[in-house]
Structure formats: C-alpha cells, structure tokens
Amino acid sequence: MMAPPAPPPLYTLRGAGSPLNALHFSCYGGHTPLLFSGSCQGSVNVWNLITRRAEKVLDGHSGGSVIWLNTLHSKDALISQGRDMRVCQWDLAEGRSDVTDTVWTGSVGFCRCSLLEMGPGTWLLAHPGEAMEEVKIIEMPSKRPVCSLIPEGKLGMVMCIKLWQDPGSGPLLLAGYEDGSLAVWDVSQRSVLSCASAHPEPVMCLDFDPAGKRGVSGSSEKSLASWSLDGQHRLQLRNAVALVNPGISQLCIRGDRKIVASAGWDHRVRVFGWKKLRPLAVLQHHTDMVLSLAFSNHKDPRDRLLAAGSKDQRISLWSIYNQD
Amino acid sequence: MHLPRQVLYKMQALTQDVDVRISVGQCIRTLTSSKEKEEVTKALQKLASYLNDQPQSRITSAQQEEFSRAHYTRTLQFLISNINADWLQHITAAQRTELWDGLFLRGPPDQALLVLMDGIGTVRGPSAALDHLVSILERFLQSSRLAILIWSRSKGTGPSDSPQLRETLLGRLVALPDLTANKLHHNNKTLFLPQQYYPLLAREILTVLEKTCQALRDGKDCSLAFVAQVLGKACVHGNSGLVFDVLAPSLSSNTRSDMVWQRVCWKLLENTPERWLESVITGLVQAVSRPETLSRIMGNLVLKNKKAHFVLTHKLLLLQYKYETRVLRVVLGYLAEDRERRPCLIQVLRALCQAWANPSAVRHTPLEQQLYVSRALLLCVALLSDAELLELRSELLQCMLGGMQSHLDSSVVRVRRLGMVVGECLSSRMDIDGAKLKFEYEQDDETKELLSLLTPPSEETEPLADCLDLPQEVKGQPVPSQAASVPQTASADPNSDLDSDDDLPPYDMSTDQEMSGAAPPCYLRDCLEVFLSSDDPVRVELSLQAVEGLVKRNASTAREVSVELSKVLLHMEDKYNTEGFLSLRQAAMVALTVTDPVAVTGYLTTEFYSMNYSLRHRLDMLEVLAMAAQELSQPIMDKGVQSKGIHPVTSAVSLYPGKDPVHWRQVVERRIQSKTKRLSKGVTRPPAKPTPNRYAPVAGNFFFPLLRNYDRPQVTFDLLGSDHLVLGRLIHTLGLMMHLAVNAPVATQMGRALLDFVWAVRYHADQMVRRGVLFAVCSTFLSMPSESLLVELRDQLFETRAWLADVAEGDPDADCRNLAVQSLVLLEKSLKTGLNPTALGLQS
Numbered sequence: 001m002m003a004p005p006a007p008p009p010l011y012t013l014r015g016a017g018s019p020l021n022a023l024h025f026s027c028y029g030g031h032t033p034l035l036f037s038g039s040c041q042g043s044v045n046v047w048n049l050i051t052r053r054a055e056k057v058l059d060g061h062s063g064g065s066v067i068w069l070n071t072l073h074s075k076d077a078l079i080s081q082g083r084d085m086r087v088c089q090w091d092l093a094e095g096r097s098d099v100t101d102t103v104w105t106g107s108v109g110f111c112r113c114s115l116l117e118m119g120p121g122t123w124l125l126a127h128p129g130e131a132m133e134e135v136k137i138i139e140m141p142s143k144r145p146v147c148s149l150i151p152e153g154k155l156g157m158v159m160c161i162k163l164w165q166d167p168g169s170g171p172l173l174l175a176g177y178e179d180g181s182l183a184v185w186d187v188s189q190r191s192v193l194s195c196a197s198a199h200p201e202p203v204m205c206l207d208f209d210p211a212g213k214r215g216v217s218g219s220s221e222k223s224l225a226s227w228s229l230d231g232q233h234r235l236q237l238r239n240a241v242a243l244v245n246p247g248i249s250q251l252c253i254r255g256d257r258k259i260v261a262s263a264g265w266d267h268r269v270r271v272f273g274w275k276k277l278r279p280l281a282v283l284q285h286h287t288d289m290v291l292s293l294a295f296s297n298h299k300d301p302r303d304r305l306l307a308a309g310s311k312d313q314r315i316s317l318w319s320i321y322n323q324d
Numbered sequence: 001m002h003l004p005r006q007v008l009y010k011m012q013a014l015t016q017d018v019d020v021r022i023s024v025g026q027c028i029r030t031l032t033s034s035k036e037k038e039e040v041t042k043a044l045q046k047l048a049s050y051l052n053d054q055p056q057s058r059i060t061s062a063q064q065e066e067f068s069r070a071h072y073t074r075t076l077q078f079l080i081s082n083i084n085a086d087w088l089q090h091i092t093a094a095q096r097t098e099l100w101d102g103l104f105l106r107g108p109p110d111q112a113l114l115v116l117m118d119g120i121g122t123v124r125g126p127s128a129a130l131d132h133l134v135s136i137l138e139r140f141l142q143s144s145r146l147a148i149l150i151w152s153r154s155k156g157t158g159p160s161d162s163p164q165l166r167e168t169l170l171g172r173l174v175a176l177p178d179l180t181a182n183k184l185h186h187n188n189k190t191l192f193l194p195q196q197y198y199p200l201l202a203r204e205i206l207t208v209l210e211k212t213c214q215a216l217r218d219g220k221d222c223s224l225a226f227v228a229q230v231l232g233k234a235c236v237h238g239n240s241g242l243v244f245d246v247l248a249p250s251l252s253s254n255t256r257s258d259m260v261w262q263r264v265c266w267k268l269l270e271n272t273p274e275r276w277l278e279s280v281i282t283g284l285v286q287a288v289s290r291p292e293t294l295s296r297i298m299g300n301l302v303l304k305n306k307k308a309h310f311v312l313t314h315k316l317l318l319l320q321y322k323y324e325t326r327v328l329r330v331v332l333g334y335l336a337e338d339r340e341r342r343p344c345l346i347q348v349l350r351a352l353c354q355a356w357a358n359p360s361a362v363r364h365t366p367l368e369q370q371l372y373v374s375r376a377l378l379l380c381v382a383l384l385s386d387a388e389l390l391e392l393r394s395e396l397l398q399c400m401l402g403g404m405q406s407h408l409d410s411s412v413v414r415v416r417r418l419g420m421v422v423g424e425c426l427s428s429r430m431d432i433d434g435a436k437l438k439f440e441y442e443q444d445d446e447t448k449e450l451l452s453l454l455t456p457p458s459e460e461t462e463p464l465a466d467c468l469d470l471p472q473e474v475k476g477q478p479v480p481s482q483a484a485s486v487p488q489t490a491s492a493d494p495n496s497d498l499d500s501d502d503d504l505p506p507y508d509m510s511t512d513q514e515m516s517g518a519a520p521p522c523y524l525r526d527c528l529e530v531f532l533s534s535d536d537p538v539r540v541e542l543s544l545q546a547v548e549g550l551v552k553r554n555a556s557t558a559r560e561v562s563v564e565l566s567k568v569l570l571h572m573e574d575k576y577n578t579e580g581f582l583s584l585r586q587a588a589m590v591a592l593t594v595t596d597p598v599a600v601t602g603y604l605t606t607e608f609y610s611m612n613y614s615l616r617h618r619l620d621m622l623e624v625l626a627m628a629a630q631e632l633s634q635p636i637m638d639k640g641v642q643s644k645g646i647h648p649v650t651s652a653v654s655l656y657p658g659k660d661p662v663h664w665r666q667v668v669e670r671r672i673q674s675k676t677k678r679l680s681k682g683v684t685r686p687p688a689k690p691t692p693n694r695y696a697p698v699a700g701n702f703f704f705p706l707l708r709n710y711d712r713p714q715v716t717f718d719l720l721g722s723d724h725l726v727l728g729r730l731i732h733t734l735g736l737m738m739h740l741a742v743n744a745p746v747a748t749q750m751g752r753a754l755l756d757f758v759w760a761v762r763y764h765a766d767q768m769v770r771r772g773v774l775f776a777v778c779s780t781f782l783s784m785p786s787e788s789l790l791v792e793l794r795d796q797l798f799e800t801r802a803w804l805a806d807v808a809e810g811d812p813d814a815d816c817r818n819l820a821v822q823s824l825v826l827l828e829k830s831l832k833t834g835l836n837p838t839a840l841g842l843q844s
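As you go down the protein sequences, you meet chains A and B in turn. Per full-length UniProt numbering: the first sequence = residues 1 to 324. Per full-length UniProt numbering: the second sequence = residues 1 to 844.
Treat each hint with caution, since some may be false.
Listed next, the in silico SDA-like pairs over lysine to any residue satisfying Cα-Cα at most 25 Å (straight line) [claimed, not checked]:
#1 B:K183 x B:G102
#2 A:K222 x B:M515
#3 A:K222 x B:S510
#4 A:K311 x B:Q513
For the record, the hints were derived by calculation from the structure and aren't laboratory data.
Next comes chain A alone, as it looks inside the complex (with noise of 0.2 Å):
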C-alpha cells in the first residue's frame, strides 16, 4: 500500500520581513488565538490566527535578535529574550505594547530561556548568563536572583536549557553544552545530578518530555539523539534516530506527548512519534532553514497547529496527526 503524501501547510504567514527565530502560540481560553513570532531583527509580531494578519508589531530589543518567546499567565503578558542581552516583559493587556520590566541577562550566545510556573504568580526563569557556560536561575515576576549554575568540566558555551520540576521534589533543570554533552542539574543543591556526552557536536536543542522521563536533543550532525533519565536522574542514552540531512534548529515535543517535530537546516519540518521515534512524515514547504517550531494550545486537540518558523521569513502553519 503506498503511504499518502504528506499533507500542504494549512496556510502561511508572510511579512515578518526577516528570519523568524521564535515562535510562541497563545491559544487557550475564550480570546482570539494568536501567534508570537520572533525576528532576527528584534521584532516581535502578534498574528491573529482568525484574520491570518499581524495585529501588532512590538519593537523592544532594539534591532538585537529575538530568541525566545513566552507568555506569563495570560496573553497579555509576554516575555521575550532578545540578543540585545535583555529579557523584556510586556504589557499588551487592552492594545497596549510596553515593555513592563527587563532583566539584564549579559548573554551574548544564542542559548533559549526556560520557564517554569512554581505556583499561582510564580515562576522560575533560567537564562544563560554572562560567563559562557553559566546558567542563572530568577524568581518572576520579582527578578530575585535564585542560583547561578556553573558547570565545573570544561563543557563550554551552554547552548539550551529546559526547566522541569517532578512533583514532590525541586526544580530540575537539563542544559545541553558546546562539547555535546547533557548535564541535569538539581537546582535546589546547585549541583549536577549526572551529565552524559549525546553529540560530538555543540546540542542545538533539547526538549524533554517531564511524564515520560525521556528527552530528545539535536545538532548539526545526521542524527537525533534521545535519551531518558532513570530514577536517581541518570541520564541513559537510548537509539539514535538518523536524518537524512544534518542539522537541527529546533525540537518540540507536543504535549499530548504523541509526536515530536524537529526543525531541519535542509528546509524540512520532520515528523515523529513520540514513543518509539518512528518517523512519520517530512513536511517540505520552506525554501530555507527552518529555525522555530511551535505547537498550538488550542482547548480542542483537534484545531492544534504545528507552526514552522524560517529563515525564508515565512511561517507556516500545519494541521498534522490532531485528528482523535
């Protein structure tokens, strides 16, 4: 039986005007979906998933990057990391677009932000800091500095980090570095739980599914390398998943934990399921390297997107195994 193709994007969203490096969905509760998109020249752009238009351009990180896209709370207020060395927090609560609060983060690496809620107004932020291999861990919305994570090895430049916290204990945070190698660190002691070599290259991303203690990272080699953390936190390297071709911007896990989607240098979005890493589909629309992926949080399973942010300055939007 042949396999059907793989299905054409749902639509496309152009007129960012330059590479789009992040992508945020804001889609839960009653208000008008929407989409944050990050530029490469420090521009963040609200697309209106209803009208397919950008509302808003918001203007913060003074031509620096744009990195990393969040929202706390609600869709009012976001927070975006820009190369500029700053996180800004916005207010966009009834058309308005000021920037709240910024945190001075002296980063100047390409290292994506992390956040995780600790309670009802809480959050712990972890941002790459300004010696190359730290990791610095805040309190929002208060900016109290909790712990600066510094890796005693020769690891180099930190270059992703996830937060996570398993209930009944303390936050945990998993930092991917320059030399290839994971480190999970305990954040409450300050100390590295175990630390694994997954590449020979630099990890481009990482993603980590909390439930499942099984994590994925990519790099700028022919292979995905996927792993798990066992009860003391070891981490365990698994099977390596091979690409076709190299390089990995991006990986996102989506949270019904059924499928994973990495973003491609070779301009293609690749599909896989979550639990055996079967490759599924190869989405080819982009005619550049795709650097951010998204997965919606529409209330209903069924309207959750995939969005696919690219060098070509285009995103593209797909409706991809949400059926049932």
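Based on these hints, arrange chain B on the given structure of chain A.
Frame of chain A, contents of chain B only:
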C-alpha cells in the same frame, strides 16, 4: 497288420483330429442352414464345449488343443461373418451373451483379439453388428484377457509361431486405440482412448511380470521377449509417458528389496529390441524421480547395451535439450551411482566440457540448449568426488577458461551471464588454491537455479516418498497447514508492535532526499563552463541535472552551442561517480539533438566513424540518435491547445451568426449531425489534431551518414570484423530510423539503401547482428510504400523469401526466427496489397 506303437498313437490322434473337424463342420453347417432355435443353441454349446474351461464336457484335452489350434479362428470368423443371421435374433439375450460372446472371451486370447480387430475393421458401421463387436472387445479388455494373452507367450514354451503373426499381434495390441478411433470416430469407447488403454496395458504388463517372478521362484522358465516387445512398441508409438506413469512407481517399489524383481526388470530392458530401446529409456528416465530407482530398474544396461549407452551418455545430454533438470539429475546420478558406471560419468563430463566450451557451439546453438548443457555440466561436477576432481583438474580448468572466454565474447546478455555463473561454480568446486572467481551479475531465477545445482537435493525425504507409493498430495498436506500457521503467529508480533507504537500512519517520505549545497546553474553557457573547467563534483552534478531542462527551455541558445556542448557531453567521463550519470548525459544529448537536429546529427554521425572512440562511445552515439529520432517523430503534446481545439466552431457560430460566410457550412454540418443516427457507441472523441512530423524532413540527416563508411576498417574500429556488437546496434538503430520514417517522402530511398546494406551481412555469425538485420528488414517492409518495395525487390524477391524462410526454419535464435516469420508475413501482405499483374505472376 502290425504297426509300431508310435504310429498307432499318431493314427489315434489323427482320428481324433478328424473327429473334431467333422463335429465342428457339422456345427457350422447347422448354424448356416438351420432355423430351429434348439438346434442352433446346441451347436453353439457344442462349439463352446471345445474351449478348455468347460468342466462337465466329455471332450479330451487333446481335442481341445486341436480345436484351439486349427478351428478356433475359423469358427470365430464364421460367427462374425454371420453376425446378421436370423437365428442370432431368435435366441435370448442371455443365451447370446453366454454362448456367442463367450466363444470370444474364453478361447485363446491372441486369436480372439486378431479376429475381433479384423471384424471391427471389416464390418460396416455404424450398425448393431459393429456395436456388438465393440462391446465384446470392451469386455475382452475389462476381463484382463490381455494379461493372459501376454502371459501365454511368456510361459516357458510359448507357441512357436511365425514372425509375421507375432508382428501382427503386436501391431493390434499396441495400435488398438488408433484402430478403434479410425473405425468408430465419435462413437469410440472411453476404454479405447489412449489415456485409458495404455495404463490398462501397463497394468497387464505388471501382472505378467508379477507372474513371471512367481514362475521364476518356482523354478520355471519364462521368456520376457514378448513383454519387452509390447513395451517397446507401445513406447515407440509415443505412449511412453502413459505407460511409465503406471509402471515406474510399481517397479520402483517392487525392486526395492526383491532381487527377482530387479532381475526381471533388467531382463525386460535387455530384451527390448534395439530399435525401440531409446523410447523406452527416455520414458523411464522421465518417469523415475531418483537416480537410485533408475539404477535398480535398469541395472548396468548402460554398459551392456551400445544403444542404451549412446542414449544415456550422449543423446539425452548433448543432442536433446527438452528435458527437465530432474531428468538430468536422474541420468547423471544413475551414472555416478555404481563404481562400474563411474567411467561413463567421467566420459560424459569430458563431452559436456567440450560442448560447453566450444566457441562455435556458443555461437550457433540455441540458448536453451546452452542452458541445458550448463545444467548438466554443473550437476556432473557436483557428483564428482574430490579425487576425481583432482585428476580432471587440468581439463576442467581448460574448459572453464576457454568456455568463459567464448561465453563472455557473446553479445547476448544471458549467454554472458551463463558463462559467469558456470565459471564461478566450476572455480568454487575446483578450489584452485582457495582462489575463486566472482562476477558481478544480476541474480534472477535462472542464475539462482544454476547455482543451486551444485548442492545436492536433500537425501532423507524422497526415498520415503518413493516407497510409500502414495499420491503426492496426501503427504504434502500437513506441510502447507503448518506453513500457514507459522506466519500467523509471526505476523501477530509486528502487529502488536505497531499497536504499541503510536497508531499514527506515516506519510510518504520518499521525497526526503539529501540536499546539495550549491545552486543549480541557470544558463546553458554556465553548464558548458562547468563541464569544461570545474573540478567540483557538486557543481558538475547540478549542471548535468539542469542541462536537459535548459536546452529545452532556451532553444535558441541551445542551437548556438549545440555542437560544442554535444562534443563536451560525448567526451565527458563519470569522474565523480554521479548518480544517474549515464541517463542524465544521454537525456541532455538527446535534447540537444532534438533542438538542433541537422548540426548535431552531422557531428555525431561523423564522429561515429572517426578514430579513437571506445565501443561505449559509439554505442552512446547510436542510442542518442535513435532516441532523438523517436522523440522527433512523436507529435508535440500540448494539452492547452488540444482542449481549446475541441469547441471553437460551435462557440463561434453561436456568437456571430451569419456574419461570416464560412459559417453556413458549419450550420449545415450541425444539422446533418443532429439528424444522423450514429451507431457507434461510447464518447465520440475529437479528431486527432494533425501536427507536422518533425522527423520527416531531417530523417535523411540521421540515416544516410551512418551508412557512409561502414566498410572502411580503421585501426581501432572494424565494423565488419570484430566489432560486431556495434554493427548489430548500428543496424538496429538504422532499422528504428527506418521505422520512424514511415510516410516520410525519403522513406523509399532509405529503404533501398538499408536493404542494400543489410543484404551483405544477412548471414553474419553473431545473432545480435542477425536480429538487427531482420529487424531492419521488418521495419523496411513496414515503412516503405508497397509499390516501391516491389520495384526495389524485383530482382531479389525470390532470394529474399528463400532467405527469410530459411531463417524462420533453422536459425538457432528464437528471436531471429520470430522476426523472420514476421518479415515473411509483411512481405506477403505488401505483395498482395500493392499488387499488379506482373507481381501476381511472380508470386505464383
């Protein structure tokens, strides 16, 4: 008067004889004249009493013998000649069956059979009399009188009769189905059909053999001569398959442990007359499934009998090639089975080696036979012991090297592959210092089968099958059910596996291929530049991929650089192991030729005959020319134009009625259309839009330059000599060009030139060349207008036909034969269609 005792006895016997004659004469007279029922019955009873199985009779055995010897045939003949007599209608059916029919069924069966067959032959049919005789013959066969007949002649002292009688009897016995079929036509009985009769005959033979064995055990003498003759004659009449289907299994199981049976079988075959032995042996080897069985049945016949030796070691292996591999296995296994027969196997191996390695055989025998000989050779080599191999090593090596050379020289792929496979197998069997030959060839069923011949089939299973003597299906049954159950359990696992994984169906990911870094070139001149100067494999590959499209898109630029680019492409080498290099290059060259036919064909055809090209290059040129010609001859498919072309007329009419003077015609046409009933079914298609044939004006440019220099051999290229591969392709290409030039004005000249050209090489030794020639002839006959064809062929018509008929009959290559037949048909057709009276006269 005092007479000696002997004389007295003799006289007594004579008087008895006279008695019998008188009483039989009386009975017959009664039957002729009497109308009384009782008298008739009595006479018949009297006659019946002379037959030996009448217990209560007062007839002495001497009288019975006398009756059987002298009067039985006459009596039966009399009965048949009076079959329509009135008294026969008067007696009851039961009486008739008992008395009248019984006379036929209880007497000596040989005489009865002869009389019956004669009767059936002479009585006019269809009639009740004939039906009656046929039913008696049927019962004669059913009551196994045949076994008694054959046995009566095998018993220690069989009746010594004249050879003529014996021949006649054999003829009747064996040809019974033919005789009855000829006489009875559609009313023939199923029992007389060969499918029924010969198995019956075989069963009767088995009965007789069984009796013979019994008699031998009892110490009595028997002669197997008559049985052997019956068997031989039945086989030579072409019924060996039917006979041995019954005989072989029983013989196989009986000879398994019984020495008497074995001896009887050997004697049976030894007694078979020389002239019939071959068909008996071929029938036997085909019916037997294992060499051991053949060995048991045949014994060392191959050593004792010259004919058997010839058939088994020569004819079956080297002269015929119709048998299955199983038969080869049986024959060679039989030769290898016994120490005394082993020299025969070596002798066979030598002959096979010679046949396989002979270059002339490779060229002139049909491929099927070569395959057959190769199979036999491999089987033979597999049977050799290591010591024998060592002894024969130098011969085998010579055979292998010579044979491989002649096979690899061939222009037929299958022959080459055959050489490679056999060479590999031989080398692996000989084990020359651990070195083995290894070729790269595509595995297909044929090569797999050949390779499998070196490993002997499993030994354990088949003897069981042999002795159980059960039909194959019964034994085979448990196996399929097992086989069916195994995959089920096996397939359950992956299924559950799939279920455990996300039940998400994957999409087609075949388009997910490696990306190349560089951008493809946009201009033709860039490509040219890259080909000439670049060392970057990626750029060369991209240019190669792009060049065909660029040529097609920019026809004018392509024309400017066509010859130069062709030159570059032709000389280009696959330096970087580019994927699909050959097809990409070819496609580019074809596109160039199509875009600028005159210049590029000029270049290619000149280069074809120039120095310093490899075979590959010349073949490439021919291929490019052929493909370009093909592409040019096809109409350009432009879908947009076609779909628009369907309705323009009607729309014009409805929009501007009466304005244009042309429109009245369309109006009329529409009216006619609406009033006409069309009987054809289906959607009426729009007529095909005529487009000019792009090939016709340039066909000559493709064709004639290729014919210019073929007979001028050069240092590196000798078309009429060793380069027959190119010659074959050249002729084939010319034939294709001819075929494509149908309806072109230049076709006549082309055809004339082509026929002249191929005439010289029509008996070429290489089959590829001959195929090409026949293809060219075929396409000429197809493409040339028939009247000009007749004019051209006027002088050579008879010769051509004789040549074609000759090829159709005797060429070793099957393709050649088919093509020749096709050409003949085409020739006849064009003779008939384009006919004028003179041609008619010629044909008759």
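Just to be careful, I want the Cα atoms of K222 (chain A) and S510 (chain B) compared with a cutoff of 25 Å; is the pair within it? holds (17 Å)
Just to be careful, I want the Cα atoms of K311 (chain A) and Q513 (chain B) compared with a cutoff of 25 Å; is the pair within it? holds (20 Å)
Does the structure keep K183 (chain B) and G102 (chain B) at a Cα separation of 25 Å or less? holds (24 Å)
Next pair to validate is K222 (chain A) with M515 (chain B); report whether the Cα-Cα distance is within 25 Å. Judged against 25 Å, a Cα distance of about 12 Å means the pair holds.
When held up to the earlier numbered hints, the structure conflicts with none and fits them all.
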